[in-house]
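2 protein chains.
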Amino acid sequence: MTNLILAPIRINQLALANRMIVPAMVTRLSGEDGLVNQAIIDRYTRFSRGEVGLIVVEATAVHQSKSGPLLRLGSDEFIAGHRDLVQRIHDNGPSKAALQIIHFLKIARSGWRQTVDMLSKDEVKAIIQAYGDAAARAREAGYDAVELHMAHAYTLSSFLSAHNKRRDEYGGRSLETRLRVPSEVMLQVRARVGKDYPIGVRFDAEECIKDGYGLNDAKYIALRLAQLGADYVSLSAGGKFEDAKLEPGEAPYPYTGYSGDRTMPPASFQDAPNVYLAAGIKAFFAAQGQTHTKIVTTGKIRTPSDGDAILQAGQADMIGFARALLADPDMPKKARLNREHTIVRCVYGNVCKQLDENFKQVRCGSLWPREFLHAPEAPNDDIAPVWPADGASISAKLNEDGRVRVTWKAAIDPQGVYGYEIFCAVNGGEFQHLSSLLTTNYVDETALAGNAYQYRVRAYDFAGNRSLDSAIAEIVVPAPFAADADVLKVR
Amino acid sequence: MTNLILAPIRINQLALANRMIVPAMVTRLSGEDGLVNQAIIDRYTRFSRGEVGLIVVEATAVHQSKSGPLLRLGSDEFIAGHRDLVQRIHDNGPSKAALQIIHFLKIARSGWRQTVDMLSKDEVKAIIQAYGDAAARAREAGYDAVELHMAHAYTLSSFLSAHNKRRDEYGGRSLETRLRVPSEVMLQVRARVGKDYPIGVRFDAEECIKDGYGLNDAKYIALRLAQLGADYVSLSAGGKFEDAKLEPGEAPYPYTGYSGDRTMPPASFQDAPNVYLAAGIKAFFAAQGQTHTKIVTTGKIRTPSDGDAILQAGQADMIGFARALLADPDMPKKARLNREHTIVRCVYGNVCKQLDENFKQVRCGSLWPREFLHAPEAPNDDIAPVWPADGASISAKLNEDGRVRVTWKAAIDPQGVYGYEIFCAVNGGEFQHLSSLLTTNYVDETALAGNAYQYRVRAYDFAGNRSLDSAIAEIVVPAPFAADADVLKVR
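Those protein sequence lines, which keep their order, are chains P and A.
Counted the way my numbering counts, the first sequence spans residues 22 to 512.
Counted the way my numbering counts, the second sequence spans residues 22 to 512.
Be careful, since some hints might not be right.
All copies of an identical chain are treated as equivalent in the list; a pair is satisfied when it fits inside any one copy or across any two copies.
Claimed, not checked - Each computed BS3-like pair below joins lysine-lysine, with the alpha-carbon atoms no more than 25 angstroms apart:
no., residue 1, residue 2
1, 231, 381
2, 127, 87
3, 146, 127
No lab work stands behind these hints: they were computed from the structure.
All chains should be built: construct the whole structure from the sequences, respecting the hints.
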């Protein structure tokens with residue numbers, strides 16, 4: 022079977038080498054000046070060396086005024102830096118580069134926040150204009166595409182929202198009026214960049230808040246964007262202010278509630294919890310005869326294989342990997358070289374998300390060696406890590422609270438060990454990847470009394486070389502119900 | 022293809038006539054005395070005449086003390102009323118009857134609520150005992166099965182919850198300790214009712230709140246319940262206190278937040294949004310060799326056909342229809358008679374949910390005639406409604422806010438018109454059921470500029486007879502962008 026995720030795809034006139042995308046991720050690597058700097062260049066060229074099909078550079082403000090420590094493109098002085106960034110992305114590999122452009126409203130430490138119903142019509146018109154101006158600058162800077170941010174807690178998403186409280190023609194009385202400003206932005210941007218330039222739109226296919234909109238509305242939002250000529254829609258979920266955590270004296274942050282978990286699903290979520298949104302819109306597009314607009318799905322999709330299965334099932338056209346590509350930017354290249362087993366796999370512990378929430382530079386705090394601001398480069402190295410002469414000495418023991426603690430010895434590698442992967446088989450089933458980590462111990466929070474567990478580990482180095490599998494540590498967790506132990510049946 | 026949903030199924034020793042279930046629904050039909058009364062009998066015998074496979078009678082308190090206006094079974098004096106109810110359910114049709122038993126903690130108008138970490142060990146032991154006692158009484162009353170409520174905001178769910186803050190062996194340190202009390206309840210109930218008596222468990226397969234558990238934990242919760250001999254698990258989602266609306270001076274109510282929308286998905290949600298939970302657990306059971314325990318899925322599953330598709334896909338073993346069977350208790354019978362097109366279809370407007378939230382008797386406020394406390398009975402009547410001599414005079418007009426308003430004339434029927442169904446086709450596609458209603462007008466909130474809509478209606482009477490389809494009203498909603506109208510392409 023063809024590996025669809027490695028197949029080229031065309032977005033408008035733009036040819037992509039494969040169907041793997043880095044969705045826009047906040048990095049907090051830029052300063053208050055809003056300029057492209059070396060850290061930004063290092064972050065994005067890394068993805069290009071990893072052969073990502075399309076890199077969507079992080080949300081860049083269309084505002085003319087200062088807008089905090091993030092990239093800006095609100096005036097012409099910012100173009101040069103972006104031109105340099107795009108050039109370097111192109112120089113480092115096959116990746117194409119899109120720029121995500123964003124408008125957001127004011128927010129205060131008091132908890133007050135500006136909402137779309139507070140905007141005058143002139144302010145609304147200025148926002149539409151600012152999107153057009155920024156898109157034109159993105160094209161001038163050499164970006165291969167522009168992506169309009171209409172997702173999460175930001176201005177255009179708030180117009181789309183079922184919580185839009187305006188009563189005029191830009192308001193929440195109907196889906197038509199909620200769509201008005203986003204539609205005018207699409208028209209304005211298209212008029213400014215021309216019909217051959219790829220425009221993507223990222224929006225929430227489900228708000229994931231009380232009385233928010235869901236897939237039923239999202240189908241029609243996507244249809245409108247398609248009818249206005251969007252070349253792709255990239256589907257997110259949640260990330261709203263309405264359920265954000267409120268801390269006295271701190272401005273609310275829109276990814277701190279349940280809806281934020283739906284944007285970046287943590288380990289407690291199943292894999293790919295948001296794919297049904299793409300699948301629903303794709304089926305709707307098929308019924309409506311819409312074939313031009315491509316659909317990007319995102320959210321805890323672990324590997325190229327998992328993404329390929331989604332494409333094969335016809336649920337989406339392209340796969341966005343955010344945290345997975347942050348953890349290992351070489352993922353597409355490893356997939357192309359048929360070395361998917363050497364991918365350093367995101368554990369979805371959301372340390373990156375917490376860094377963002379705490380206004381710190383975003384890095385992979387679970388898997389990258391402590392001192393790295395970016396993912397380690399793969400050196401030329403054919404030598405795999407090995408276990409000590411007496412083996413990994415892996416053991417599994419029961420904690421008093423019923424959790425299983427697995428420990429093993431450090432492996433040895435001339436260029437250094439990067440980390441360990443731990444695999445587990447329950448009740449004699451298949452071994453499955455449980456986690457990846459830098460340490461030599463792991464606590465399995467899900468191990469339950471009455472079941473048999475087998476664990477094994479392997480070490481990997483910076484080049485992706487793997488050690489042999491360790492021996493297997495076995496444990497049957499005893500039933501906590503002494504008198505009724507026979508009720509708990511181990512298969 | 023065999024219609025799986027109409028096929029018999031066995032739960033432990035209990036044979037069900039089909040795979041359609043009424044999940045426990047709050048009715049507020051019982052009084053402060055907690056006794057079975059005529060309204061309760063009328064509500065549940067109606068389902069039996071409709072040929073529902075298994076009726077799960079609403080959550081009944083295991084408490085010995087007063088517990089508000091809901092059914093109780095905390096002492097032997099309540100048995101007689103339940104015995105009468107079961108007898109009448111059996112006398113009225115083929116349905117089997119299960120009783121759902123519940124424990125919940127205290128809550129105050131101040132917003133204060135008791136949580137599981139406030140319970141002494143003796144209180145915990147008393148709760149376990151109370152479940153055993155109530156289950157034994159349910160069996161004595163003649164119920165065909167008992168269902169343990171471990172879902173939503175109630176005591177056993179709060180032990181399972183990732184928010185369980187106890188630090189002892191009943192606490193939140195690990196999934197094992199969170200499972201301890203629910204496991205002891207299972208063991209206690211099984212010891213009291215014997216091994217041949219069917220025990221079901223309803224629990225949340227996803228909490229749908231920030232830092233709640235999800236499907237990953239739910240798989241292991243289901244496995245534990247299966248290992249302890251649960252005959253079915255009935256999967257719900259959400260319904261928690263953690264995101265409930267807070268109103269000064271009112272006790273918080275656990276279905277008022279986003280998680281409550283996931284319990285009873287409103288019209289804005291796609292169909293069957295929670296089926297992936299059942300599908301995930303079913304696949305996990307297959308991998309673990311668990312075949313005894315049946316899986317019930319619920320949540321905005323519209324029709325027997327839709328339920329059958331879920332069963333055919335192997336995503337669940339039985340289908341729970343709550344609001345759909347409230348709207349039309351004759352749904353299973355109509356499916357058996359191949360008259361599914363005569364079902365009065367729930368519109369998921371959640372008027373029933375609002376009645377519950379306002380402490381009012383729960384009825385279908387959208388579809389039942391105003392004066393009915395229960396679903397109308399189908400009389401002997403072969404005469405279908407007809408349109409007036411000059412037709413239904415259906416018309417579709419654009420409101421100034423962009424919504425389409427459809428109006429038509431009342432139909433005529435000698436025994437009275439019950440309601441109308443409206444169907445819509447977008448851009449020349451298939452006609453789809455849009456809504457059912459008692460009035461002769463409808464506002465389509467989703468109609469969008471740049472698209473062509475066709476509407477038609479039909480009337481139905483109390484026997485389910487349908488009028489002919491009305492003529493078709495057509496409207497092309499003009500683009501709101503005068504200068505750019507050509508951008509909005511109608512296919």
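Original post:
Which of the listed hints are broken here?
Top reply: none
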